[in-house]
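The hints should help you fit chain B onto chain A, whose structure is shown.
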Amino acid sequence: MRAVAALLAVIWLVPLAWALDTALKPESETTRIPVSWLVSGMSLDAFGRAFADGSLMAWLGNSLLVGVAVTVLTVAVTSLAAYGLSRTRFRGRNMVMALLVAGIVIPPQVLIVPLFAEIVGLGLADTYWALILPQVVLPAMVYVLKKFFDGVPRELEEAAVVDGAGRLRVYWSLMLPLARPALAAVAIFTFVTTWNNFLWPFVAVSDPRLMTFPVGLATVQSSYGVRYAQVLAAALLGGLPLVALFLAFQRQLVTAIKG
Amino acid sequence: MNRSGFWFVVPFLVLYAAFLIAPMVIGLGASVTDEGITGHASFVGAANYAELFQDPAVWSSLGHTLVFTVVSTPAIVLVGLAMALLANRATPERWLYRLAFFAPYLLPVSVVVLIWSWLYQPGFGLINDLLTRLGLGEVGWLSTDGMAMTSIIITTVWWTAGFGFLLYLAALQEIPRQLYEASALDGATPFQQLRRITLPLLSRTHQLVIVLQVLASLKVFDQIYLLSGQGGVPGVRSIVQYIYESGFTRFRIGYASAISYVFFALIAAVALLHFRLTAPKASKGAER
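So the sequence lines, in the order shown, correspond to chains A and B.
Sequence positions in the first sequence follow the numbering used here and run 1 to 259.
Sequence positions in the second sequence follow the numbering used here and run 260 to 547.
Just chain A, with the same shape it has in the complex (with noise of 0.2 Å):
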């Protein structure tokens, strides 16, 4: 069994060791017949270049101002939503609460189209609000709150009203706080979510300028030519920032999976 599962690993790995050894070689030796993968003149080279290169860092950049404001403006609005679904009994409450299960229905895919026609009619092509606003709407996560809200007793609450609290007031000084695991997992879940999105993005801007990472990289897979390593060292230096998020995030990332 150990050794079977040991197998399985080692070849879940080789597709990612396979292309850290690429990156490593100079760029002559990368289509090298037969292939080796021990080579001389294995350096930090390519990855150098691929910083120094500019867009990628600038891809990065997008990446990471398009990412934490999703998750940010996610945070805020859908934790708000869930703690009025969760603790108040509003006219028309069943009607938003149809909404979230339909949401949650409807591809984002199937949206791409019109909601293009929508945003090139608002003015907003080819800005960064047009990557970030279609982002937010996660009726998934307000749904994961609301049931995490669900669960904290009534009584903490009833004691900070009769302080003379207000709802926000509560919302923000206990109820946060108390979420803070909750809002952790559908923090990094977003984050990840946003961060890997490419269908979207890639409609969503033309300007090379604007381009998230995974948009980036893959529109210049033809024009990098045939500098292999470059393009491999590239692509590791933007993927492997989540993958070290996941290390650090393990349980809050399986939580946010499973609610």
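Quick caveat, the hints were computed from the structure, so don't treat them as lab data.
Owing to the predicted nature of the structure, the values given are computational and were not obtained by experimental measurement.
Here a beta-carbon is modelled for each residue, glycine too, at the ideal position from N, C-alpha and C.
One should not assume that every hint holds.
Quick partial rundown of chain B residues pointing at chain A, CB under 7 Å, derived from the structure [stated by the list, open to error]:
#1 268
#2 274
#3 374
#4 382
#5 385
#6 478
#7 515
#8 519
#9 521
Okay, now just chain B, sitting in the frame of chain A:
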């Protein structure tokens, strides 16, 4: 009292209306017009819908999408389950399994496609090099439509099996250890424990993983579009890709919207079927 609750929901509703309801309405409106690149649109009734049912490209891209879904889903689910069973034992190298199995899922699609098109290269590609060394011939992984679909599915299994792995792993860790200890005392073999304890207790997770996987597979676009060279190869084109091409390379906004709506109906039907199938079971569970 508690009317104030409505205001908590307002920011969400504004975004929801602007970027979910509005495009749904715009798309429905566009789907009954001949809207194109000029922005000018005249009403054409159900013509787009009539056309799409006669369009061989709709049927072929739907076919590719279904083939992709039907072949990749069982593979991804089984590999994910196997990974979870293998990694769930208390060994010192457990962290390594988690990293190896889940790391690919965290990579953006363009990184995945770059790595795999590198592996699939003729001649100096790692896979063909191995085949040559073993005395087997080279395979043109991306050169024919049939092989390209196979290669796309292999890549997808590598990329996304980690998702099911994580869900299964979490479910496995919730199974009480006593069940295994007690059954071991009764002389159960590990294989019997797997068949009689582990797999039955994972049934809810099976359902969840399969449904999420089917829904995700039906929406496939990224890896097919990128691995087939971004040119829209008709032989592997998925339905979402056909929507993309109709809207953004042929600029037929109206027609693309009509296909989107029919596709949405298909997805909604699968989701409803899932709710229908699981709802009675869930209530039975609650009674116990």
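Do the hints match the structure? See the list:
1. At its closest, the beta carbon of residue 268 of chain B sits 5 Å from a beta carbon of chain A; the interface hint therefore holds under the 7 Å criterion.
2. At a threshold of 7 Å, the smallest CB-CB gap from residue 274 of chain B to chain A is about 5 Å, leaving the interface hint in force.
3. Taken as an interface hint, residue 374 of chain B checks out: its beta carbon lies about 5 Å from the nearest beta carbon of chain A, inside 7 Å.
4. Taking 7 Å as the C-beta cut-off, the interface hint given for residue 382 of chain B holds, the closest approach to chain A being about 5 Å.
5. The interface hint given for residue 385 of chain B holds, since its Cβ lies 5 Å from the closest Cβ of chain A, which is under the 7 Å cut-off.
6. Interface restraint check: residue 478 of chain B against chain A, minimum CB-CB distance 5 Å, threshold 7 Å, status holds.
7. Using the Cβ-Cβ criterion of 7 Å, the hint placing residue 515 of chain B at the interface with chain A is satisfied: the shortest such distance is roughly 4 Å.
8. Interface hint status for residue 519 of chain B: upheld, as the beta-carbon distance to the closest one in chain A is roughly 4 Å, under 7 Å.
9. Taking 7 Å as the C-beta cut-off, the interface hint given for residue 521 of chain B is violated, the closest approach to chain A being about 9 Å.
In terms of the numbered hints stated before, the structure departs from hint 9 and from no other.
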